[in-house]
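Quick mapping for you: the protein sequence lines, in order, are chains A and B.
Letter by letter, the first sequence follows residues 1 to 371 of the working numbering.
Letter by letter, the second sequence follows residues 1 to 371 of the working numbering.
It is worth saying that the hints were derived from the structure and are not from the lab.
A few of these clues could be false.
No distinction is drawn between identical chains; accordingly, a pair holds when it is met within one copy or between any pair of copies.
Below 20 Å or equal to it, Euclidean Cα-Cα: the simulated SDA-like pairs (lysine to any residue) are [claimed, not checked]: (1) Lys247 - Gly21; (2) Lys237 - Leu52; (3) Lys247 - Leu52; (4) Lys293 - Gly137.
For reference, the chains in residue letters:
There are 2 protein chains.
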Amino acid sequence: MDLLAEASLKALDDAKIWDHGVDSIYVASMMAGELTHQTAIASALADYLGLLPAAAERIENGPASGGSAVKNAYLAVASGVYDAVLAVGGEKMRHVPGDTVTDLVATMTHPQGEYQHGVTLPSLAAMFTRLYMSRYGLTSEHLAKVAIKNHSNALKNPYAHIRQAITLEGILTSREAEVNNPLVADPLRLYDCCPVSDGAAAVVLYPLEKAREFSDSPVKVAGIGQATDTLAVHDRKDPAVLEAVRKASQLAFAMAKINPKDIDLAELHDAFTILEIAESEDAGFFKKGTGHKALEEGVTSLGGRLPINPSGGLKARGHPVGATGVAQVVELTWQLRGEAGERQVQDARRAYCCNFGGFGNNVVSFVLERE
Amino acid sequence: MDLLAEASLKALDDAKIWDHGVDSIYVASMMAGELTHQTAIASALADYLGLLPAAAERIENGPASGGSAVKNAYLAVASGVYDAVLAVGGEKMRHVPGDTVTDLVATMTHPQGEYQHGVTLPSLAAMFTRLYMSRYGLTSEHLAKVAIKNHSNALKNPYAHIRQAITLEGILTSREAEVNNPLVADPLRLYDCCPVSDGAAAVVLYPLEKAREFSDSPVKVAGIGQATDTLAVHDRKDPAVLEAVRKASQLAFAMAKINPKDIDLAELHDAFTILEIAESEDAGFFKKGTGHKALEEGVTSLGGRLPINPSGGLKARGHPVGATGVAQVVELTWQLRGEAGERQVQDARRAYCCNFGGFGNNVVSFVLERE
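Let's have the full structure, built from the sequences with the hints guiding it.
Here's what the structure looks like:
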């Protein structure tokens, strides 16, 4: 509740809408009941923030809960029923043992087809990585470079969970690397996996024509897209293709009436390093099987043609599950306003993000534009 | 998942929109993760029903989760982004011990102000009842009459969980009554409390002008209202007043441009018998403190001026938590279409329902009209 409140208050201060008030609240949390033994937290937050009698509900969509909260806030405004809508996501996870968290996260896999066989998210990501390695020539070094880039970006983000520079020697090629960076699910190592984080993020949505009254630099939600895919990964025609990323992105780009090449920066859902690469392809930025080459060439670095995860991504900004999708939208907003400090992408006009639920079975994408 | 799927398939069959498909799915569940160790169930249901790549998310708002799912389905349609939206609610609860359920339900109370002192929902309802008894002359007999009426209505509802006739003698005035109807939280007895149920309910929402293509008897969502109140009941100015019921109802009636007296039937959230009486007042149907008199006079019986809970209500239709708010909308729809069989309210044109979250800290109301 404290995490949700702190992020909410900062967003409400930033939006300068205290006099107007908040009409509706969406709280994204994957596991508030399971991890903190508190349910109906959206109602509790409305009271805690002094926002009664605002409408309030919690949205749960696995790791895409945050994106879903922002999407529903958008729909609430677009419906004409509500004006000022707060979307806030958060998760308190670090007080429980890591294996409990890994098990709870695994409860979103297919109960009979995956979960009861011991499948966890790291194991699905590992199998996915092997497919990429055999098919596209991806190596562990490419994966390490995603982590190195995102850790480097996070050094410039005061809100990042992990602010620690890492090197290829330290995590892969030196004698100590095996100790520093142990295997989690072969071939994925510790630094290929996002941390378990505590955190929250919040945004305020408002009808664009009215938002100009409150802000000199409103950011427009130009496109939203959401798509589902089979729950069990083995049911997919090609398990190396993230079909829901493709469809959600196509919907978001179509609604924004732009193409992937028009995007100046992207926040992708790098719960595992492989996912940043695969999503960068299936979102439409690079041809399938070439994302790791773009990474190697520096295209996705700060200063490159398409910086990916300037915030540090899930890898280093952190992954408090319910917060993640909202935090992506917050980072895009700061970047489009030119308020991203040392990690600012120069002259960013259009930005994209992708919040990835399950192992890609529910994806929410946004295109945001500077007004 | 089976409960959600069965209700969804029946609603989709009824809506006859198989050729059009479903664009978005809202699943209401309060405790899927806690009770069935499965999260991200909305994504799973989209796959299970063969509705990929429809958008999908779970809505949690305590016992008002169902109402919130229907509300968000309404907003999704009203936004213009989605056409056919499925709202389905369900809960599987009877496989866990009753005290576990009571504890989990209590996790929506105030963590420091209520929960840690042992407050549960039955205990809050009991204190609320005592206030009503001392202030308004309510007796245990009035409460029993709510249960008797709702059990009688449920005998006419093939979907009801409890189809058992009860009498005043059997539950209150005979020598055996104490055994049949033991105290749960003084003065509330077993038959004052809704059962722990398994179940699901579903509706399909569609833009009204297009709905006429699929149905000769579409029902219009004429008004929606939602309001929050303090989480801790003791923080309320007058704890006998359900302020969120008042505000949510006023919003719904204002949007529908009608008054409470225009309503032909209502489904109220009688998780405890006292709540039907209190809500019937705070929703605007009877003056505060007189709901039990209207009940005694038969006003709220089938055949009365304002039948309340013709379905049997939470008391006898059952309370599978996530399903309840959706089931209310389903009952209203059947009644407005004249498809409610033996429990049909004659010439029903306008109907109201009230889904009550927490101990009244988040309430969702609807006004539905026959087209």
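Do the hints match the structure? See the list:
no.	hint	result
1	Lys247 - Gly21	between (36 Å within a copy, 16 Å between copies)
2	Lys237 - Leu52	between (48 Å within a copy, 14 Å between copies)
3	Lys247 - Leu52	between (38 Å within a copy, 11 Å between copies)
4	Lys293 - Gly137	within (10 Å within a copy, 78 Å between copies)
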